[in-house]
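Engineer: Chain by chain, the residues run as shown.
2 protein chains.
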Amino acid sequence: MNNPEQFLKTHIEKVVPLTDEEAIFIVSHFVLKTFQKGQFIIEEGNEVSDVYFVLSGLVKLVYEDKDAKKHIVSFAMEDWWETDFQAFYTGGKASLSLECIEDTIAYSLSLENFEKLCMEVHKMERFFLRKSIAGHIGSQTRILSFLTSNARERYEQLLLKNPALLQRVPKSSLASFLGVSRETLSRLF
Amino acid sequence: MNNPEQFLKTHIEKVVPLTDEEAIFIVSHFVLKTFQKGQFIIEEGNEVSDVYFVLSGLVKLVYEDKDAKKHIVSFAMEDWWETDFQAFYTGGKASLSLECIEDTIAYSLSLENFEKLCMEVHKMERFFLRKSIAGHIGSQTRILSFLTSNARERYEQLLLKNPALLQRVPKSSLASFLGVSRETLSRLF
Chain W
1 MNNPEQFLKT HIEKVVPLTD EEAIFIVSHF VLKTFQKGQF IIEEGNEVSD
51 VYFVLSGLVK LVYEDKDAKK HIVSFAMEDW WETDFQAFYT GGKASLSLEC
101 IEDTIAYSLS LENFEKLCME VHKMERFFLR KSIAGHIGSQ TRILSFLTSN
151 ARERYEQLLL KNPALLQRVP KSSLASFLGV SRETLSRLF
Chain D
1 MNNPEQFLKT HIEKVVPLTD EEAIFIVSHF VLKTFQKGQF IIEEGNEVSD
51 VYFVLSGLVK LVYEDKDAKK HIVSFAMEDW WETDFQAFYT GGKASLSLEC
101 IEDTIAYSLS LENFEKLCME VHKMERFFLR KSIAGHIGSQ TRILSFLTSN
151 ARERYEQLLL KNPALLQRVP KSSLASFLGV SRETLSRLF
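Chains as they are written, first to last, in our numbering: chain W, 1 to 189; chain D, 1 to 189.
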């Protein structure tokens with residue numbers, strides 16, 4: 001991660017072209033943060049002030065149920081946006097936690113700065129609309145996978161879609177993402 | 001459904017205020033359509049040219065698996081937006097079908113007009129960003145319900161969130177939405 005500013009600019013420019021002045025203005029609204037493996041970026045029950053754009057590393061978005069069993073909603077690695085979106089956008093408390101599977105470097109963007117960018121740089125509203133649509137489509141695909149596929153098929157879909165992720169995620173987290181026990185995962189693969 | 005234009009204007013104004021001129025310009029990009037109970041608005045394998053805003057009635061978004069078993073991704077009723085979002089935004093063929101559970105009146109909006117409204121009326125990009133975020137959050141909530149809840153609990157969540165919907169959805173569709181057989185649903189309730 002030599003040049004975070006350039007990494008973010010390149011990422012945004014996949015959707016909308018930016019002048020150098022626009023890029024500098026936009027980047028100035030983000031805060032660069034580093035987190036260690038195992039560290040919580042978001043803790044359940046706390047306020048969620050930021051959305052995170054991952055520059056390097058790997059994080060997991062986790063829901064802990066009433067029996068203290070952990071369920072993984074999603075993973076995020078380089079080039080992905082992640083947060084507890086409900087809490088972030090509505091100002092509610094986090095019902096999810098965001099935990100680092102690897103040492104992670106991310107840009108954080110506060111809701112205030114998100115709104116400011118949307119109001120002041122029309123292109124950014126366009127960019128966030130595209131990202132939000134992609135997130136929505138991704139979630140619908142995951143809903144379908146729960147309705148139509150068993151754990152083995154869900155594993156194979158993930159392998160096809162994102163082989164790099166599979167190599168980096170510990171087996172226990174993978175089981176939790178697929179919705180099976182660690183033992184079931186071992187029997188399956 | 002006495003005044004569709006006013007219904008759409010009121011719906012958009014929950015997010016962004018509109019002048020009368022803006023409302024007239026925006027509404028002119030939509031086409032009012034009526035569908036009969038049982039009619040397919042989107043058929044699997046076809047192109048998906050439009051997103052639909054439901055004015056009255058009830059529709060279901062359905063995935064049919066390789067064994068011809070039907071799975072319901074979501075329902076949509078008055079005041080909701082629905083389409084096969086992946087196919088609509090990417091220009092691919094529909095992997096889902098959209099079928100009317102009741103006689104339905106909806107506004108359709110083509111991708112071309114969606115893009116045009118976003119480019120020409122900045123407020124509409126803002127509106128669609130809010131709608132897309134809400135859709136993304138809704139989908140994440142549903143993913144969580146699959147990871148953490150059984151069919152009975154998913155039923156109870158639906159009852160809490162949208163009791164009106166439950167009264168209008170046939171039992172067979174409800175079973176398909178919850179991911180259980182019609183027989184299991186009968187045993188549960």
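Among the clues, some could well be false.
The list treats identical chains as interchangeable, and a pair is accepted whether it falls inside one copy or across any two copies.
Below 25 Å or equal to it, Euclidean Cα-Cα: the simulated PhoX-like pairs (lysine-lysine) are [claimed, not checked]: (1) K116 - K171; (2) K69 - K9; (3) K14 - K93; (4) K123 - K14; (5) K93 - K116; (6) K123 - K66; (7) K93 - K161; (8) K93 - K69; (9) K37 - K14; (10) K93 - K123; (11) K66 - K161; (12) K116 - K37; (13) K70 - K171; (14) K161 - K33.
Derived from the structure by calculation, the hints contain no laboratory data. Just so it is clear, the structure is predicted and the values come from calculations on it, not from any experiment.
Engineer: So which hints don't hold here, by number, going up?
Structural biologist: Violated hints: 1, 2, 6, 9, 10, 12 and 14; rest satisfied.
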